[in-house]
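Asks: Here the protein sequences come in this chain order: G and W.
Okay, so the first sequence: first residue is 1 according to our numbering, each after it adds one.
Okay, so the second sequence: first residue is 274 according to our numbering, each after it adds one.
Bear in mind the hints are in silico, worked out from the structure with no lab data behind them.
C-beta atoms are modelled at their ideal positions from N, C-alpha and C, and glycine is treated no differently.
Take the hints with a grain of salt, since some may be wrong.
[Claimed, not checked] Partner residues aside, some chain G positions facing chain W, computed with beta carbon under 7 Å:
| no. | residue |
| --- | --- |
| 1 | 174 |
| 2 | 185 |
| 3 | 197 |
| 4 | 225 |
| 5 | 243 |
| 6 | 259 |
Chain residues, written in single-letter form:
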Amino acid sequence: MSEKKLTKGDIFNMFIRSNFLLASFNFERMQSMGFCVTMIPAIKRLYQGDERKQALKRHLEFFNTQPFISAPIMGITAAMEEQRANGAPIDDASISGVKVGLMGPLAGVGDPIFWGTIRPVTAALGASLAVGGSILGPIVFFVLFNIFRLATKWYGLQYGYTTGTNIVSDMSGNRLQKLTEGASILGLFVMGSLVSKWTSMNVPLVVSTVTGSDGKTVVTTVQTILDQLMPGLLPLALTFICMYLLKKKVNAIVIIFGLFAVGIIGYALGVLA
Amino acid sequence: MSEIQMILLILVACIAGLESVVDEGQGHRPLIACTLVGLVLGDIKTGVILGGTLELMALGWMNVGASMAPDSALASVIAAILVIVGKQSIGAGIAVAIPIAAAGQVLTIFVRSATTFFQHLADKYAEKGSFRGIEICHFLAWTLQALRVAIPTALVAAVAGTDTVNIMLASIPDVVTRGLQIAGGFIVVVGYAMVINMMEAKYLMPFFFLGFVIAAFTNLNLVAFGIVGVVLAVIYIQLNPKYNKSTVAFDELDEL
Numbered sequence: 001m002s003e004k005k006l007t008k009g010d011i012f013n014m015f016i017r018s019n020f021l022l023a024s025f026n027f028e029r030m031q032s033m034g035f036c037v038t039m040i041p042a043i044k045r046l047y048q049g050d051e052r053k054q055a056l057k058r059h060l061e062f063f064n065t066q067p068f069i070s071a072p073i074m075g076i077t078a079a080m081e082e083q084r085a086n087g088a089p090i091d092d093a094s095i096s097g098v099k100v101g102l103m104g105p106l107a108g109v110g111d112p113i114f115w116g117t118i119r120p121v122t123a124a125l126g127a128s129l130a131v132g133g134s135i136l137g138p139i140v141f142f143v144l145f146n147i148f149r150l151a152t153k154w155y156g157l158q159y160g161y162t163t164g165t166n167i168v169s170d171m172s173g174n175r176l177q178k179l180t181e182g183a184s185i186l187g188l189f190v191m192g193s194l195v196s197k198w199t200s201m202n203v204p205l206v207v208s209t210v211t212g213s214d215g216k217t218v219v220t221t222v223q224t225i226l227d228q229l230m231p232g233l234l235p236l237a238l239t240f241i242c243m244y245l246l247k248k249k250v251n252a253i254v255i256i257f258g259l260f261a262v263g264i265i266g267y268a269l270g271v272l273a
Numbered sequence: 274m275s276e277i278q279m280i281l282l283i284l285v286a287c288i289a290g291l292e293s294v295v296d297e298g299q300g301h302r303p304l305i306a307c308t309l310v311g312l313v314l315g316d317i318k319t320g321v322i323l324g325g326t327l328e329l330m331a332l333g334w335m336n337v338g339a340s341m342a343p344d345s346a347l348a349s350v351i352a353a354i355l356v357i358v359g360k361q362s363i364g365a366g367i368a369v370a371i372p373i374a375a376a377g378q379v380l381t382i383f384v385r386s387a388t389t390f391f392q393h394l395a396d397k398y399a400e401k402g403s404f405r406g407i408e409i410c411h412f413l414a415w416t417l418q419a420l421r422v423a424i425p426t427a428l429v430a431a432v433a434g435t436d437t438v439n440i441m442l443a444s445i446p447d448v449v450t451r452g453l454q455i456a457g458g459f460i461v462v463v464g465y466a467m468v469i470n471m472m473e474a475k476y477l478m479p480f481f482f483l484g485f486v487i488a489a490f491t492n493l494n495l496v497a498f499g500i501v502g503v504v505l506a507v508i509y510i511q512l513n514p515k516y517n518k519s520t521v522a523f524d525e526l527d528e529l
């Protein structure tokens, strides 16, 4: 019997399919169908008959992780299936074990990097161009984000497949921790600048009107005093209030409606402009 | 609105719906979806501006684990149609987008529950060893997500720009639209707060304050902030003793 081996075409096919991982997301088993559909090129190559049915069932089990970082898990699963098809003593439990064992920690790395850093940073960059009416805004966001996304998926899949089960020991090193920590620094730094720059809050209440000796009138509002202290102080305070409320499990939509109310009432009372 | 525009709008709505669940190419984000609607309706500039405004508000809306973001796909497409066709202000766009995003979230929960049906159907095809069957289940479930956005969009597009809708939008009192626009200026902090909370790293907060102070007193743009942020991250990791223990120990041995 000749050795069963996945071709480059099979891996490429898996890469294409991995782009639809969440297409059938449901609350029962989440990304399971997407994972199974991604594995189909490998299953087709490696198994026949009853073994094929078993493999399909095996990959319809519960699965959920960050969609881009799922690629290395798919790669390593394909590598394990390949070894198993060639007679290596790998049972169902160890394949499921690797999948389940990796999806949690990898989501813990992928969520802050992609949803917490790369998307907000590229989207804020695009949006800051777009509010001025520049078509470059959406293009910059779309191109930049998708470069990061596709590169992660492509190299992640290759990396998972070639590293195989060694990935587990590879990951226990501090490489992932460095990446997460570095991304958090970038994300927090940019968020800090956004709080100050891309928010507007103006309290036009007049504190004093002084007519100087040169005849010029100097109007001092609450906002001018605040700006002398530190521009963006009010949005900063508001950010911390929001962080506190979110930690108290208040729904974001509720907070948004609350802030709308603040805007409308503030404007009606002349406190905000 | 011509028939071709109507068809293209529904197509854009389908793309936004499909993207909103897979979360891959980001066609469901306001910045992209509003731009596409603007492109179809021949007013790309308004689409881009509305998209940018809504994008900043939605910065922290994300699908993490089993939790779901408010529906940016439905909100962006419908808000853009109403603003462009009805010649409304960006403020009015914000006013309709947020309630729609909340309503869309409920619709999304419904569809994600309904797709459980396909999950069980796929189990049956697995018993038979049918690749095709599982693939069909997977992609049929996906089309439900397209319909989730396309059907409400078609309904809104059919009435957008008519006198009734314009009168309804115009009947929103000035104090509300002005107030919403003012709120739009600082409502973005909810998104920032969500992103900051997700990092959950109190010991890294100095970087947040550094970004805040530099932005408050300089005129650097976001590209500059991105570069400075990466540099800070690299320096922090290079100098952090946590990552340098082994080499230090090694040097000490050498000196002995």
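Asks: Taking the numbered hints from earlier one at a time, note which ones the structure violates and give those numbers from smallest to largest.
Replies: Those not satisfied come down to hint 4.
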